[in-house]
Amino acid sequence: MCGIAGLIHRGKSSNVGSEMTSVLQSLKHRGPDSTGFALYGSPTENQYVMRFKVAEQEDMNRGFDIHQEVVARQEEVDKRLASLGVNVINKKEATAYSHRYTFGFGGDMKKLADYIEDIEGAEILSIGEGLELIKDLGDATVVSEQYSLAGFQGTHGIGHTRMATESDVDIRSAHPYWAYPFNDVSVVHNGQLTNYWTFRREMERLGHRFMSNCDSELIAVYIANRMDQGDDLEEAMTRSVEELDGVFTYLVATSDKLGMAKDVMAAKPMVLYESDDFVGLASEEVAIRSIFPNEIETFDPYEGEVRVWQA
Amino acid sequence: MAGVEHKSHDMELHTEQLSGRTQQRFFSASEEENFTYPWANDVDFDKVADFDAVEMDPTDINLKIRELLEQGYGTITIKNPRAKHGVGVGVLNRANITFEGSLGYFGCGLIDGPNIRITGRVGWSCAENMMAGTVVIDNNAGSTFGAAIRGGDLVCRGDVGSRTGIDQKGGTIIVGGRTGAFSGFMMQRGRMVICGDAGKNLGDSMYDGTIYVGGEVEDLGVDCVPGEMTETDLKWLTAKLSMYDIAPACGVANMKKFVSGKQLWNYDNLEPSEKKLVL
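Going down the list, the sequences are from chains B and C.
Letter by letter, the first sequence follows residues 1 to 311 in our numbering.
Letter by letter, the second sequence follows residues 1001 to 1279 in our numbering.
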């Protein structure tokens, strides 16, 4: 089933970490397996944030040497970043297997991503100037506390509560997906794509990598590829509604935009609340209301509808 | 059932025989006609109660409504439902019930008899399998609005999502605004009135029933065809819409009517291969 949500503050920052935690916790019943956040903070010029993991959560309970292995993997990450000339500014260990680095880098980001992900167990969750992508097993409150998201200030964010249906219960298959290797683009999705393999093969032929067999990852790569071809976000999303088959509703966020798209049959839910300075979307109205104590007017976007909002 | 038939004749609806519980309508809370549930509570409509649901979960809200009905309260107001799911379901009693706020998914489903007003919005599948009574929503509604309703009047003054009245088996659905794609999908009986525009595939695979549209229709689904608007239709539409103070922008006289072409395989004994030739 899965639950998705997104919010964007127009022209101001807010505590999007707490807001998204509250919204996603309200959607826990739609997917208790994992929870993910893509939060957009204030970018620092010429400085990137990289979130990555060097093992799955469940790996930490296996084998006698895993704790030494994840340390060794992180050291290998450091070594490879240094060899590429990356200027690491700050390192933070979110969990034993998940890290947050800030760095300066003027080279090829795809090469950097490929080189890091070549390390056993390593997966880059996100790279961006504003984007921070956090996902792990458990509900929103658990993940938010684990990664200290309560005070995260930013303009917008998207998130996902997952009920695993077509792939495993692990971080790799959890949403949101970063649109490798494009900075600051992330996607959450509720639904199924029926022409997944057709487009995955096309994207792979173009050189894009897939870390999972989850159809949601395809949307992230598809959108990023279209934008790389020259489409703006709205054009890329409109084309996706025409080309991707299946039943789906998805949200995309970039450094300064939030977009939503529904398939032509409108078979997956989405409720929208819009005011002059705020837009909130969620699979269920109860999620939006978790951050609004008063009555609000909401509505369902229609079939095939694509909308994009600016922060 | 005599009273029901009499009503249908009053409204010149001789062409559609209205019979059975599924076709009963309770336009007024005090109307006792044919309400025969032996276990229904004898309520007093002047006996008024209200409670705040902000801290209650859906089960407790529904149990509280039932408890008040058992105590004879005929007019009940529930404040702050806050879009919770499955609220107001399974009310098999005549009563005036008002929700001050919005309901989530499957609100007011499986009801038979009450007159319900929702001052906010409703999520997916509002009044699913409703048997009789009225449900009036002041704001918008989500998809699968009135799925499989058997009777009663289901009214949304605003816009609704897709698949409105999917599998509708009777009763009346009224939409003050527009409706999304696949409205009237597999409709079997009853009437749907859409004052605004209708999305694509209107009435797809409908077996029977009637759909009236005031605005533009994006396109018709398989086996949904334009019907001839008669004086009976106009009288019925005027009477029915005036009950809820709703009027299409184009005027009732300019509404369009759609019915089933009855060319689908289930209406004759043609083999599927032969049916393809017909369609």
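Don't read these hints as lab results, they were simulated from the structure.
Quick reminder that beta carbons are idealized off the backbone N, C-alpha and C, glycines included.
Don't take every hint at face value.
[Said to hold, decoys possible] Here are the simulated SDA-like cross-link-like pairs (lysine to any residue), alpha carbons at most 25 Å apart as the crow flies:
1. C/K1064 with B/H29
2. C/K1079 with B/E235
3. C/K1200 with B/H29
4. C/K1200 with B/I291
[What the hints assert, rightly or not] Chain C residues, not near chain B, derived (Cβ > 10 Å throughout):
5. A1040
6. N1041
7. N1139
8. N1140
9. D1159
10. S1162
[Claimed, not checked] Label pairs and their computed distance ranges (CB to CB):
11. B/S22 with C/S1242: 57 to 67 Å
12. C/E1055 with B/S42: 32 to 42 Å
13. B/M1 with C/E1055: 25 to 35 Å
The hints, checked one at a time:
1. C/K1064 with B/H29: 24 Å, holds
2. C/K1079 with B/E235: 43 Å, violated
3. C/K1200 with B/H29: Violated, at about 32 Å.
4. C/K1200 with B/I291: Given that 25 Å is the threshold and the Cα spacing comes to 35 Å, the pair is violated.
5. A1040: 31 Å, holds
6. N1041: 30 Å, holds
7. N1139: 6 Å, violated
8. N1140: 5 Å, violated
9. D1159: 6 Å, violated
10. S1162: It is violated; C/S1162 is separated from chain B by about 4 Å at its closest Cβ, not greater than 10 Å.
11. B/S22 with C/S1242: 57 to 67 Å: 44 Å, violated
12. C/E1055 with B/S42: 32 to 42 Å: At roughly 37 Å between Cβ atoms, B/S42 and C/E1055 fall inside 32 to 42 Å, so the hint holds.
13. B/M1 with C/E1055: 25 to 35 Å: 26 Å, holds
Going through the hint list in order, the structure does not satisfy hints 2, 3, 4, 7, 8, 9, 10, 11.
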